[in-house]
Each structure stands twice: as structure tokens, then as C-alpha cells.
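Asks: Residue numbers (this note's numbering), protein chains in the order written: chain D, 1 to 311; chain R, 1001 to 1280.
By construction, these hints were calculated from the structure, which means they are not laboratory data. Keep in mind that the hints are not guaranteed to be accurate.
[Claimed, not checked] Beyond 10 angstroms from chain R on every Cβ pair, some chain D residues (computed):
| hint | residue |
| --- | --- |
| 1 | K7 |
| 2 | T34 |
| 3 | L56 |
| 4 | T115 |
| 5 | K152 |
| 6 | V222 |
| 7 | R231 |
| 8 | V233 |
| 9 | W252 |
| 10 | L297 |
[What the hints assert, rightly or not] Restraint-style ranges between C-beta atoms, simulated for each label pair:
| hint | chain 1 | residue 1 | chain 2 | residue 2 | range |
| --- | --- | --- | --- | --- | --- |
| 11 | R | R1040 | D | R31 | 42 to 52 angstroms |
| 12 | R | K1139 | D | W71 | 25 to 35 angstroms |
| 13 | R | K1139 | D | W130 | 39 to 49 angstroms |
| 14 | D | R188 | R | E1150 | 28 to 38 angstroms |
| 15 | D | I133 | R | R1116 | 33 to 43 angstroms |
| 16 | D | F293 | R | E1216 | 49 to 59 angstroms |
| 17 | R | E1265 | D | A128 | 48 to 58 angstroms |
| 18 | R | R1116 | D | V139 | 33 to 43 angstroms |
| 19 | D | E59 | R | S1173 | 50 to 60 angstroms |
| 20 | R | K1139 | D | S75 | 46 to 56 angstroms |
| 21 | R | S1031 | D | N191 | 28 to 38 angstroms |
| 22 | R | R1116 | D | R31 | 36 to 46 angstroms |
| 23 | R | I1205 | D | P52 | 51 to 61 angstroms |
| 24 | R | P1102 | D | N191 | 20 to 30 angstroms |
[To be verified] In silico EDC-like cross-links for lysine to aspartate or glutamate, where the CA-CA straight-line distance does not exceed 16 angstroms:
| hint | chain 1 | residue 1 | chain 2 | residue 2 |
| --- | --- | --- | --- | --- |
| 25 | R | K1166 | R | E1189 |
| 26 | R | K1153 | R | E1189 |
| 27 | R | K1081 | D | D25 |
| 28 | R | K1162 | R | E1149 |
| 29 | R | K1081 | D | E122 |
| 30 | R | K1162 | R | D1127 |
C-beta: ideal position from N, C-alpha, C; glycine also.
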Amino acid sequence: MTETMEKDSAQIRAEVREHLRERADKTVRRRMATSTVMSGVCWAAIVVAAVPLVALLFELFHLGWSSISSWSFYSTYSQQPSGNNLSAGGAMGQIIGSVALVVYAVIISVPIGVTMGVFLAESQARAANWLRIVAQTMVSAPSVLMGLFIFKLILLQFGWQPSALAGSLALSILMLPVIAIATEIAVRSVNPSLREAGLALGARPSTTSLRIVLPAALSGIVTGSILAVSRAVGETAPILFVIGGISSGFGWKPFDQVNALPVLIYLNVKQGSYPSQISQAWGMALLLVIVVFVLSLFARIWANRNQKEQR
Amino acid sequence: MTESSPISLIQGVEDQQIEDPRNGPIAMSLSDVAVSFNGRTAVRDINFLVPKNKVTALIGPSGSGKTTLLRSLNRLHDLTKGAKVTGKILLGDTDVYNGGIPTTVLRSRIGMVFQRPNPFPTMSLYDNVVSGLRFNGVKKKSILDAACEESLKAAALWDEIKDRLKAHGSTLSGGQQQRLCIARALAVEPEVLLMDEPTSALDPISTHAIEELMGELKDRVTIVIVTHNMQQAARVSDLTAFLLMGEDRAGEQIEVAPTLKLFSEPDDQRTLDYIQGRFG
Chain D
1 MTETMEKDSA QIRAEVREHL RERADKTVRR RMATSTVMSG VCWAAIVVAA
51 VPLVALLFEL FHLGWSSISS WSFYSTYSQQ PSGNNLSAGG AMGQIIGSVA
101 LVVYAVIISV PIGVTMGVFL AESQARAANW LRIVAQTMVS APSVLMGLFI
151 FKLILLQFGW QPSALAGSLA LSILMLPVIA IATEIAVRSV NPSLREAGLA
201 LGARPSTTSL RIVLPAALSG IVTGSILAVS RAVGETAPIL FVIGGISSGF
251 GWKPFDQVNA LPVLIYLNVK QGSYPSQISQ AWGMALLLVI VVFVLSLFAR
301 IWANRNQKEQ R
Chain R
1001 MTESSPISLI QGVEDQQIED PRNGPIAMSL SDVAVSFNGR TAVRDINFLV
1051 PKNKVTALIG PSGSGKTTLL RSLNRLHDLT KGAKVTGKIL LGDTDVYNGG
1101 IPTTVLRSRI GMVFQRPNPF PTMSLYDNVV SGLRFNGVKK KSILDAACEE
1151 SLKAAALWDE IKDRLKAHGS TLSGGQQQRL CIARALAVEP EVLLMDEPTS
1201 ALDPISTHAI EELMGELKDR VTIVIVTHNM QQAARVSDLT AFLLMGEDRA
1251 GEQIEVAPTL KLFSEPDDQR TLDYIQGRFG
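Given only the sequences and the hints, what does the whole structure look like? Please build it.
Replies: Here you go:
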């Protein structure tokens, strides 16, 4: 009995082996074919996705480069072209205004956003869950809403004049949830055993958060903040009606009226009737894209640094 | 299955008079200790004494509550929502849970070393070692410097890293990192050092180094170690507590005895089965 079973078993295994080899050959051939087809599909998708992007960048450089490659773009103020003088001037006032807006917005939103993110990550209170939902909704809320809100509240209700600070507040509302969510993720991704090690050394929970967890999460927080800045710097809608937008000269102090790059792009294209204004708008658009690109690059470098440290 | 116990490396146990370390001074005592999470008991009915300046090993299969018990000793469960520790744990004369001792003070008297080496990644080696002192308010540089050197020497790491104290912890090997964590724990001068499977992430050579270190550290600190590795418990400990998961899936204490006795002639059949590798 055992003998027949052994014989059967050997036969079965031989059959299985034979069948397996046969199938394996076919399977491999089929997989290779599938792989070739799918690679083709992937490449096609990449091309379809890349063509508009490349075309847009090409057009942007083509039309904007002549503006931003001239020094006067950075050293002169914009002006309204007229019969005698067809030049639209430079964008110095807008550059200074945009920088001022972003700087004030960072000063306002980073401390609040980071605190909020730490709260989201560490609090077990029910309020944290609500706050998280609010933050996630705010991230995808239309940006014109922030402008309207500040316009209604600060300008109409409180009677402020349009100013850099009002614009920064609008941008801050835009940046806050981005920073808070990035901070929460960064804090949560810190190895919990580090926190335990801190507590086990006799550190208070707050000391542990501040001196161990936050430094370990810093790279992620910086990355998130840079991304928030790069989103805010190109926004038109939130600041359109709250920064004043003096047509010449520049303001930069918190209660000054200021100019901003995206706003003049909008005005030039909407109202400008001179070719120099259109070309100036392309120049400013190109400048913004370059700034955002550099910021994203920085964010990426920070993120990589972060990963290396975690290892 | 093998019929010899892991302790068979220790010859002639029967001839020796086995001394019970609990007859000497006691560092901690546990009575009726139980830990539960959200009403589910994880470990219960724990009663034993931790002898001072000795190594006490907690052994048992996965799920027997060894680590849970260890973490109750320095109140590390306090921050876990739903965790509850009952019974009485004494550190010397101080009631750990009801003695009014602040957890920060308690935890600087009971240090801990974790399963995986966890040096603080943003701090230099020096800052890592003195971090516990700094957290507790020590600022004087001469004291920090002295404590750093002393505890690194105690952790047998000083000679290897004294020239690069400004480097980061990630530049060390796993075994060195774990010794750094031991130095960090020792720097706050704890009376008791809890070690939660401190060598489970290390290679045999690093493991050997840590085990040797434990023998040397006994003079200055009482050690309680959780280990999966029975040979390790046999090699390093003076007293062994064997835990096992009961029928209600809660860990309970089966036998606590001097290590030599527990591994050579345990009183409980389940202990014998476990040390002979019949389960777990």
C-alpha cells in the first residue's frame, strides 16, 4: 500500500513539474507581452500629460523671458503707458509688495499653524478631530473666499484701509491649514519610542514635545511651510481687493498699500491695452513660476534630508 | 524535543547551595499588580520582590505580559488612554502610583532602555547622553561633561566615541547605539534600570557586549530585564520571573525563583515545559 502511494506521489510530482514548466513558459511569454503593452500605455499617458505642460512652459519662457532678462524689470516701477511713452515700466514695486505680503503671512501663519499641527497630532480631545476636519476643508476651499472674508471683516466691518497686512491675513488663512496638516503628519511620523525615551528620562510631556519631537519633525514642518509659501505667493484672488494696489511706487510696511505680482498680471491682461503691458504680465508670470519652482525644489531637498535623518 | 534545559551550560547546579537574592536588600516590591487596557486585563496577580543590585529577568512567551508589566514599573502606561494599573508597586519606601511622587522624579529614579536603540536623532552623542540631566534642569557644563564621560565609561562606550562626541547617533552601529542609550539612562543616576528586550535588535557580538555590561552595571544599579531569550536570562540574571498567558488571555506569574533554581529544578511543571522548549 505504501509502495503504490509512493509511486503515485512520484508520478503526481512528475506531472506537476511537467505541467508547471509548460505553463511557466506560456505565462512568462504572456507577461512579457502585457509588460510591453502596458509600458507603451504608460509612456503615452506621460506624453499626453507632459505636452500641455511643456507647451505652457515654452510659451511662458518665449513671451516672458525678454521682460525678466532686462535689469530694468527689477529696478523700475510699473507705469501706465501713454501716447508718448509706450513702456509699461518694470515690476519692482510688485516684487517688493509680493515679498512683503509673503513675509508677513509667514510670520502670522507659521507659529499658529505649527501650534495647531502639534495640537492635532498630540491631543486626544474631541476638539482636535473637529479642527482637523475644518483644516482639511480649508485646504481645498476656493482662495477667493479668504479675500472676501478679509474684505468683509477687516475692511468693511473694522474699517481698515486696504493694506499689506490685510492681504497677509488673507494669505495666512490660506497657508494655515497647509502648515497645520504638514506639521501634524511630521509630528505623527516621529518614532514614538523617542517620546517614550524622553519621558523615561524624567522629562515632562511638554519638554518631550518641544525638545525631542518637534526637532525631529522640523524637516517636515519646514517642507510644509515652504509649500504653503509657494502656494500663497502666486495667489491673486485672496489679495485682489484688500491690498490697495497703488499703481506706481511701492509700499512694503504692514499698513502701506502694496502691489503684488499676480494682481498686476490680472490687471494688465484685463485692462491693459498696450503690448508692453501684456509682455510685462508674461514676465511677471514667468518670474512667479521660477520662484515657485525654486521653492518646491527647496521643499524637496528638505524632505529628502528628513528621510535620511529618519533612517 | 530536547530533554536538557538551557541551564545545562551551568554544571553541577545540584551540588551548589542556591542563594536566594531576595534575602538581601530589596529595590522594588510588587504586590497584586495588574494592568488593564480599556477594561481588558493584560497581566494580573503579580507578586514579587526585586533584589537590589541584582539582575531580575522577566521571561515568558509572547503575550504573557512581560513588557506590559515592565512598563508599569516606571508609569509609562500613564499616557496611554484607557490603561489602568492596580495593586501596589514600591520603589524603596516610595509608593510608585499613590505615593505622591511626580512621574518626572520617579522616571529619573527608574531608567529605561528600549527594544530598539533610540538615540535622539537631532542631538549629538554628547547631547544624547546628557539629555536627561538637561530635561531635569541641570545646566552646569562641568557637571554635564563629567556625567557624560562617566556614564559613557560605565556603558563601555567612552573609548570608542570620545573623539567624536559632536557626531550624531546615527553614525554608530546598532550595538553602540544601544550602549549610548544605556549611558543616557545611567546619566540621571537611576536606582533601577528597566531593559525591554535590549538585545533583540542586535547581532550576537553586540548582544554579548551588552550582557557583559549588565554584569558590570549591577554594582551601581538594579536591573530588571525582559527577554525572549532564555539563555540570556540564564546567563545574566540572578532572579527570574516566569510569566504565562492564562486562559482569559491575561498574563500571570507562574513562578519566581533564583535563576539557577528556576532553570534547574523549577517547582511548576509549566516552567519546566517552557525552559525545555516544549512550548512558547
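Asks: So the hint says 49 to 59 angstroms: do the beta-carbon atoms of F293(D) and E1216(R) match that?
Replies: 58 angstroms, holds
Asks: Could you check the hint for me, namely that R1116(R) and R31(D) are 36 to 46 angstroms apart, CB to CB?
Replies: 39 angstroms, holds
Asks: Is the claim that T115(D) lies outside the interface with chain R correct, judged by CB distances over 10 angstroms?
Replies: Label holds. Min Cβ-Cβ 20 angstroms, cutoff 10 angstroms.
Asks: Would you check the hint for K1166(R) and E1189(R), treating anything up to 16 angstroms between C-alpha atoms as holding?
Replies: 23 angstroms, violated
Asks: Check the following: the C-beta atoms of K1139(R) and S75(D) are separated by a distance inside 46 to 56 angstroms.
Replies: 51 angstroms, holds
Asks: Given the proposed pairing of K1162(R) with E1149(R), does the C-alpha separation stay at or below 16 angstroms?
Replies: At roughly 8 angstroms apart (the allowed maximum being 16 angstroms), E1149(R) and K1162(R) satisfy the hint.
Asks: Under the criterion that the straight-line Cα-Cα distance not exceed 16 angstroms, is the pair K1153(R), E1189(R) satisfied?
Replies: Holds: K1153(R) and E1189(R) sit about 14 angstroms apart, inside 16 angstroms.
Asks: Just to be sure I understand the hint, the distance between the Cβ atoms of E1265(R) and A128(D) should be within 48 to 58 angstroms; is that true here?
Replies: 56 angstroms, holds
Asks: Starting from K1162(R), check that the Cα of D1127(R) is at most 16 angstroms away, please.
Replies: The hint holds at about 13 angstroms.
Asks: Is 42 to 52 angstroms a correct range for the gap between the Cβ atoms of R1040(R) and R31(D)?
Replies: 48 angstroms, holds
Asks: Over 10 angstroms from every CB of chain R: does K7(D) meet that, or does the non-interface label fail?
Replies: 34 angstroms, holds
Asks: Over 10 angstroms to the closest beta carbon of chain R is the bar; see if W252(D) clears it.
Replies: 35 angstroms, holds
This entry does not satisfy hints 12, 25, 27, going by the numbered hints stated previously.
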